[in-house]
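Engineer: The sequence shown begins at 329 in our numbering and counts up by one.
It is possible that some hints are incorrect.
Derived lysine to any residue pairs resembling SDA-like cross-links, with alpha carbons at most 25 Å apart [claimed, not checked]:
#, residue 1, residue 2
1, Lys452, Arg354
2, Lys452, Val401
3, Lys452, Ser368
4, Lys452, Ala372
5, Lys452, His361
6, Lys452, Ala336
7, Lys452, Ala382
8, Lys452, Asp398
9, Lys452, Ser357
Keep in mind that the hints were calculated from the coordinates and are not lab data.
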Amino acid sequence: MLAVAVMAVTALGLIAGQLWTAREARAMSMREHAAWIADSVAEAVSAPSANDAALNAWRSRAATLLPGGDASVIGIGGVSAARVTWTAPRNAPHAADDVIDKPEPCGGVDAPVGLSCVALAFVK
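Whenever a hint applies, use it, and build me the whole structure from the sequences.
Structural biologist: So this is what it looks like as C-alpha cells:
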C-alpha cells in the first residue's frame with residue numbers, strides 16, 4: 329500500500345512537471361513571435377517609404393499569431409519603440425483584486441493587467 333502511494337505521488341509530480349514545461353514552451357513561442365513582429369514593425373516604420381499600411385499589415389499579423397495581439401509604435405523622448413502586446417491567460421486576474429504579479433513596464437509604459445509585452449527601441 330505504501331509503494332502504491334509513493335508511485336501515485338511520483339506520477340502526479342511527473343505530470344505536473346510536464347504541464348509546466350508545456351505551458352512555458354507555449355509562452356516562449358508567443359514571446360518569440362512577438363519579438364519577430366516587433367523587429368519587423370521597427371524595420372517597416374523606419375524605412376524611407378514607411379506608411380500606415382505597413383504598420384496595419386503587422387497589426388493584423390500580430391492579431392493572427394498571438395491571442396489578443398496588437399502592434400504599435402510609441403515615442404519616448406526622441407526614440408521610437410515597436411511594441412507588441414498579447415493576452416497572457418495565466419497572468420489574467422480572476423477578480424479585480426486578484427493580481428499576483430504586477431505587469432512589467434513595456435516601452436516606458438506599464439502593460440495593462442493580463443497582457444504580456446515586448447518592446448524594441450529604434451531610431452528613425
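Engineer: Now look at each hint and say whether the structure bears it out.
Structural biologist: Checked hints:
The suggested pairing of Lys452 with Arg354 is violated, with an alpha-carbon distance near 33 Å, which exceeds 25 Å. With a C-alpha separation of about 11 Å, the suggested pair Lys452 and Val401 falls inside the 25 Å cut-off, and the hint holds. In summary, the hint linking Lys452 to Ser368 is supported, as the alpha carbons are separated by about 14 Å, within the 25 Å threshold. Between Lys452 and Ala372 the alpha-carbon distance is near 10 Å, which keeps this suggested pair within the 25 Å criterion.
Only pairs whose Cα atoms come within 25 Å are accepted, and Lys452 paired with His361 is accepted, the gap being roughly 23 Å. For the given pair, Lys452 sits about 59 Å from Ala336 by alpha-carbon distance, which is inconsistent with the 25 Å threshold. For the proposed pair Lys452 and Ala382, the alpha carbon gap of about 15 Å is at most 25 Å, so the pair holds. For the hint linking Lys452 to Asp398, the alpha-carbon distance of about 21 Å falls within 25 Å, and the restraint holds.
Restraint check for Lys452 and Ser357: the C-alpha separation of about 28 Å exceeds 25 Å, so the hint is violated.
Violated hints, listed in ascending order, are 1, 6 and 9; each of the other numbered hints is respected by the structure.
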